[in-house]
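Numbering-wise, the sequence shown is residues 438 to 808 according to this note's numbering.
Hints may be right or wrong, so weigh each one.
In silico EDC-like pairs for lysine to aspartate or glutamate, Cα to Cα no more than 20 Å straight-line [unchecked claim]: (1) Lys703 <-> Glu692; (2) Lys600 <-> Glu590; (3) Lys462 <-> Glu668; (4) Lys581 <-> Glu615; (5) Lys645 <-> Glu480; (6) Lys738 <-> Glu720.
Calculated from the structure, these hints are not laboratory results. Keep in mind that this is a model prediction, so the values were computed, not measured.
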Amino acid sequence: MKSTTRNTPPPIGRFIDPLTDFGFKRIFGSEPNKDLLIAFLNELFRGRKLIKDLVYNPQENNAPAQHYRKTIFDLTCTGADGETFIIEMQRAEQKFFIDRAIFYTCSKLYDQGQKGNRYWDFELKEVYFIAVMDFNFENTSSEKYLHRVRLAEEETSVTFYNKLGFIFLELLNFNLEEKEIKTGLERWMYVLRNMARMEKIPVILHKKIFQKLFQIAEVANLKKEEYMLYEKALLDKWTEYAVKKTAAEKIKAAENKVRVAEEKAKTAEDKARTAESKIRTAENKIRTTEEKIRTTEEKVKIAEEKAKIAKEKAKKAIKEGVEKGAEQKTREIVKRLVSKLGLTDTQIADTAGVSVAYVKKIRTSLKKKKK
């Protein structure tokens with residue numbers, strides 16, 4: 438299969454792209470080729486119902502809004518048993534895609550009402566919505582490409598109403614290789630996913646219905662007007678792809694900016710937390726130092742008080758010692774005067790500078806020692 442460059446539209450290959458408006462309608466939307474649609478639907482409903490014939494219905498009631506017409510291609514047909522099939526190819530994701538599918542199917546049920554017939558018993562024909570999606574549902578497994586939806590009893594999962602059904606095909610989740618293809622539905626999925634890039638018909642598709650498919654899908658078989666329509670459809674698809682890609686790149690760039698900003702904010706917060714931690718550590722050290730200073734000051738104060746007391750004691754002791762020494766010296770002088778010179782008490786008191794009573798006390802003390 439041919440690859441394409443990043444910025445140039447893909448070249449027109451050997452076979453038309455079924456995911457374009459032109460390709461989808463050419464393969465599935467024309468009366469001469471309705472056997473292709475019947476074959477496709479029978480693979481979708483294999484084991485559930487058999488579709489023998491189809492009648493294409495006008496598209497006026499089903500037409501999507503103007504801004505979706507380049508991304509949504511749909512057709513409606515009625516089966517031989519009166520059942521309605523809404524077959525839709527949608528390339529771009531739509532906000533209320535499921536709501537629209539419900540609305541379309543319910544409108545087809547409503548259209549069956551027999552207005553003016555008072556005896557209508559409300560019996561309805563089946564309505565099915567089949568969507569071929571070139572995008573993914575949110576929050577679904579990337580390995581599941583087929584979703585069958587029905588009304589069922591919630592607790593038992595038993596079908597509650599079997600006349601309303603939905604089938605969603607996620608093409609992007611279909612990744613089987615040619616050698617892995619086994620069922621008819623897988624063949625159709627492989628064709629829808631890869632036909633625009635095929636350069637030859639795969640061996641697994643050498644069946645009558647697919648031979649017809651590739652014959653009408655070969656670009657070389659298109660008339661000039663058809664080729665121009667197909668070329669425009671391809672351009673619409675590529676433009677849509679480019680717009681989506683540009684939007685995705687802008688979103689990615691914005692997300693990167695947000696991520697960088699968040700990382701910077703986180704780094705700033707980390708730095709702020711680190712700074713706050715350092716500040717707290719410094720404050721704790723300051724408090725510890727201040728406490729040590731206060732403790733030291735208290736110790737110094739206590740030491741100074743002790744030194745003062747010691748100094749006062751020493752001063753007192755010195756004074757007491759001096760006084761005691763002076764008294765002792767005076768006592769010795771008085772004793773010598775009493776013992777040797779024969780002086781009166783008054784004379785001794787005047788000579789020694791003491792009282793007469795003190796002299797008498799010394800004299801009495803000496804007399805006692807002599808006895």
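Taking the hints in turn, this is what the structure says about them:
Distance hint between Lys703 and Glu692 is fulfilled; the C-alpha atoms sit about 16 Å from each other, no more than 20 Å. With a C-alpha separation of about 15 Å, the suggested pairing of Lys600 with Glu590 holds against the 20 Å cut-off. Under the criterion of a C-alpha separation no larger than 20 Å, the hint pairing Lys462 with Glu668 is consistent with the structure, at around 14 Å. With a CA separation close to 18 Å, the supplied pair Lys581 and Glu615 stays within the 20 Å bound.
Distance hint between Lys645 and Glu480 is fulfilled; the C-alpha atoms sit about 15 Å from each other, no more than 20 Å. Our distance criterion of 20 Å between C-alpha atoms is broken by Lys738 and Glu720, whose separation comes to about 26 Å.
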